[in-house]
Amino acid sequence: MSLKRKALEDASARSSKRSTPAPSTPISLDSDDDYSGSDARSQEASDSEKEHIRRARARLDFSSFQGAKHKQTTSIFGEKDFSWMSLKTDHENRPLWIDPNVSLGSKKGPKITLESFSPLSAQATDLLTTIAEPQSRPSFLHEYRFTEHSLYAALSVGLRGEDIIRALEKLSKTPVPKTVVDFINRHTKTYGKVRLVLRNNNFYVESDEREIIDMLLQDSVIGPCKAQGTNVETGRIQTKATIIQGTNNAKGMRQAGQSELEVARDDPTKDDEAMIATLRDEEDEEDNFKEASSFEIAPSKRDTVAKQCLDIGYPAISEYDFAGDQVNPSLPIDLRPATQIRPYQEKALSKMFGNGRGKSGIIVLPCGAGKTLVGITAGCHIKKSIVVLCTSAMSSYQWANEFKKWSDVKEEDIAVFSASEKRRFTGESGVLVTTYSMITAGGKRAHDTQQMMDWVYGKEWGLMILDEVHVVPAKMFRKVGENIRAHCKLGLTATLLREDDKITDLNFIIGPKLYEANWMELAAQGHIAKVQCAEVWCPMAMEFYQEYQKETTRKQALYYIMNPVKYQVCQYLIDYHEKRGDKIIVFSDNLFALKHYATSMGKPFIYGDTSNQERINILENFQHNELINTIFLSKIGDTSLDLPEATCLIQISSHYGSRRQEAQRLGRILRAKRRNDEGFNAFFYSLVSKDTTEMAYSAKRQAFLVDQGYSFKTITHLAGMTDMPNLRYKDASERHDLLAHVMLQQETAAEVEKIDDNMWSHLSGGGRSAAAAKAKAKKLVARRQAVLLSDASGGGIMAPMYREQERRSKKSLQPESEWFRKEARRRELAAKKRKKDRMDAEKAGT
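Residues in the sequence shown are numbered from 1 upward in steps of one, following the numbering used here.
Mixed in with the good hints, there may be bad ones.
Once the Cα atoms are required to be at most 30 angstroms apart in a straight line, the calculated DSSO-like pairs of lysine-lysine come out as [claimed, not checked]: (1) K108 - K700; (2) K307 - K459; (3) K347 - K290; (4) K108 - K405; (5) K690 - K595; (6) K835 - K822; (7) K832 - K843; (8) K444 - K479; (9) K290 - K502.
Honestly, the hints are just simulated from the structure, not real lab data. The model shown is predicted, which means the values in this text are computed figures rather than measured ones.
Produce the complete structure using the sequences and hints provided.
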């Protein structure tokens with residue numbers, strides 16, 4: 001009787017031994033037995049089959065429990081069960097854990113966890129910030145994720161796919177999973193193969209491989225876009241290293257050049273040695289050139305070519321050969337000799353100028369970490385005309401002043417384009433600072449404004465800097481890119497996130513994220529302030545909570561913002577920090593609460609309708625007057641406000657669950673402080689009314705800051721607050737007066753402030769656009785209707801409606817919650833008992 005072979009588990013319906021082997025089945029490549037044809041088979045099992053049978057018996061043995069344990073962990077952890085992965089022998093010395101789960105065809109790659117307490121964490125951090133995007137960076141474990149755009153940014157600085165895999169293999173606790181290797185190879189295979197280069201005002205499609213150029217020319221869309229009468233050019237391009245201004249290397253080169261000149265003057269015999277050194281340098285520079293093929297495309301076909309390259313899997317990278325640009329006039333601009341940029345700023349700029357060419361992209365630095373100086377340094381390096389786009393007129397003047405402060409550019413070479421100022425720079429090249437709204441506003445423009453716009457659109461700019469790049473909708477960005485011809489685009493922001501998830505559009509419109517700094521690392525190095533974040537829970541006053549439950553969702557916000565306990569906490573914290581010598585900013589998105597808090601406490605406040613002169617007076621007094629230590633701000637102070645003196649921030653009202661706003665407000669106190677206190681030197685308080693929807697919004701808002709490593713301390717009680725002199729709303733009568741005042745307000749009083757001085761206000765040159773004016777006029781149309789006088793006075797057919805409404809209003813005054821009805825009955829019985837006791841006491845007295 002021949003030996004029967006049972007089919008393996010997970011291997012049913014196989015036609016041959018090697019067709020789809022089970023994962024645990026070792027096979028021999030030399031075997032020709034494919035289990036088909038003749039029934040004559042050997043009576044003995046092969047060595048591989050014996051090994052498989054032994055493993056199967058061991059797995060089914062009752063004393064074995066490994067299989068059950070694996071199933072149990074799988075049911076608990078699901079896809080996060082990595083017990084099947086083998087650890088390296090020295091895994092405790094390696095800092096990276098790599099998640100092997102990658103969806104096929106997904107643009108989101110594997111997640112990488114970094115142990116920040118590892119001795120090799122610094123090297124691993126440098127690697128991951130180059131090849132991946134940070135997701136969460138608390139104190140001890142940092143999470144990063146591969147994306148196709150992060151790999152593109154890595155390739156743009158000279159890395160290759162095999163370099164990335166080799167570096168991960170050195171730092172990973174486990175062998176790099178095959179799924180991760182496949183993801184890296186799939187997205188690095190074509191990225192960087194095709195480049196769109198602007199040379200002499202003409203666009204060229206360039207590649208290091210001639211085969212790719214020939215393939216693109218054979219494409220049905222790209223081929224006809226080639227400029228008429230041109231051929232494929234083959235030449236050598238330079239890939240020299242870049243030395244960025246403001247660094248020690250740049251200063252060393254300047255000093256070395258000066259010393260060589262001095263030596264040459266003193267000792268003419270050094271000329272021969274200098275000549276030999278020059279020849280050696282030329283030999284070394286030969287290694288910095290590489291062969292490249294390119295063809296010219298028609299100027300109007302650039303977008304068509306870029307789109308088609310993306311569709312066929314060869315995305316075109318835009319680079320600017322600013323050193324070889326002989327057409328556009330150079331701008332005489334350099335950093336001042338005393339200006340030295342910080343190491344993280346140098347690292348960010350090195351990602352932008354990796355191979356001597358300027359790459360478009362986004363740099364993310366926390367508020368107060370010197371984003372403006374990064375943009376100015378980039379402009380000094382390119383040395384071509386610069387256009388800066390800001391969010392408001394106030395920030396545009398700040399940018400102009402920063403250019404004068406950090407660089408040696410002439411004052412006549414700086415121009416500001418705003419609603420009140422329309423001036424060009426005098427020379428052929430210069431710096432223009434304007435706002436998004438001035439560039440993108442539609443409708444008919446004033447004559448001088450239109451002339452300025454034509455000049456901006458007709459000029460070719462070397463660098464376009466987009467400040468606060470996250471706040472502008474993608475449609476507006478496309479309009480900016482279409483109208484302004486810029487060789488290189490640099491986006492700057494502290495919070496690269498939007499609640500509508502449109503932030504990914506920036507990868508195609510501007511470029512990938514080139515660099516993102518670690519907030520906690522910069523705070524530890526003293527570049528930004530160390531902030532203690534706290535969430536203060538404020539119990540709702542009973543009277544307010546009753547009305548809060550009965551009100552509509554829109555007006556509920558007014559009750560938890562105007563909570564008397566929250567007011568008392570705010571009053572106590574202001575008094576406490578003013579005695580410490582702190583400068584305090586109180587933020588409120590709700591204008592009704594802003595004005596009430598500020599006026600009742602006798603503090604100055606700024607909101608959207610505050611005049612520019614009054615804003616300047618308040619801010620100057622806050623910075624320089626020792627008697628003004630607290631100011632109240634609406635959401636107008638979220639961005640582009642430079643107040644380095646502020647050391648304490650209190651938030652009483654916010655824009656629902658906006659993570660970006662929370663980070664922007666924290667940035668108001670992030671600038672490095674002059675005081676050298678041990679531990680924390682800045683404080684951030686978020687006041688939240690308990691048992692309301694505000695608590696859920698607060699948890700959402702903190703998500704981004706928690707990912708940056710900040711921890712929020714919860715404060716439920718402030719010792720000594722009730723003993724504070726002049727504390728408001730201690731008495732029930734005061735609380736009832738405030739409640740009555742709040743109840744009289746309409747639902748619109750609970751809304752957040754709407755600011756017109758920004759890029760989405762649809763304003764044109766300081767005035768309302770035609771569409772907005774037409775919509776407003778349509779709203780104000782008067783409507784006339786003929787009715788009886790008795791109806792208007794409450795009689796006639798309208799009387800039943802009024803009576804029904806009155807009955808409903810009386811019914812709605814009854815407590816809705818069972819707990820409140822029980823509490824009301826208890827109070828009523830207690831009042832009757834007190835009245836009865838009082839009457840009995842009076843009778844006993846008589």
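Okay, the hints, checked on the actual structure:
With a CA separation close to 23 angstroms, the supplied pair K108 and K700 stays within the 30 angstroms bound. Pair hint K307 plus K459 holds up; C-alpha atoms about 25 angstroms apart against a cutoff of 30 angstroms. Distance check on the hinted pair: K347 and K290 sit about 25 angstroms apart at the alpha-carbon level, within 30 angstroms; holds. Between the alpha carbons of K108 and K405 the distance comes to roughly 42 angstroms, so the proposed pair goes past 30 angstroms and is violated.
For the suggested pair K690 and K595, the alpha carbons sit about 23 angstroms apart, so the restraint of at most 30 angstroms is met. At most 30 angstroms may separate the alpha-carbon atoms for a hinted pair to count; K835 and K822 meet this at roughly 20 angstroms. As the CA atoms of K832 and K843 are separated by approximately 17 angstroms, the hinted pair is consistent with the 30 angstroms bound. Our distance criterion of 30 angstroms between C-alpha atoms is met by K444 and K479, whose separation comes to about 17 angstroms.
The hinted pair formed by K290 and K502 fails the criterion: a straight-line CA distance of about 38 angstroms is larger than 30 angstroms.
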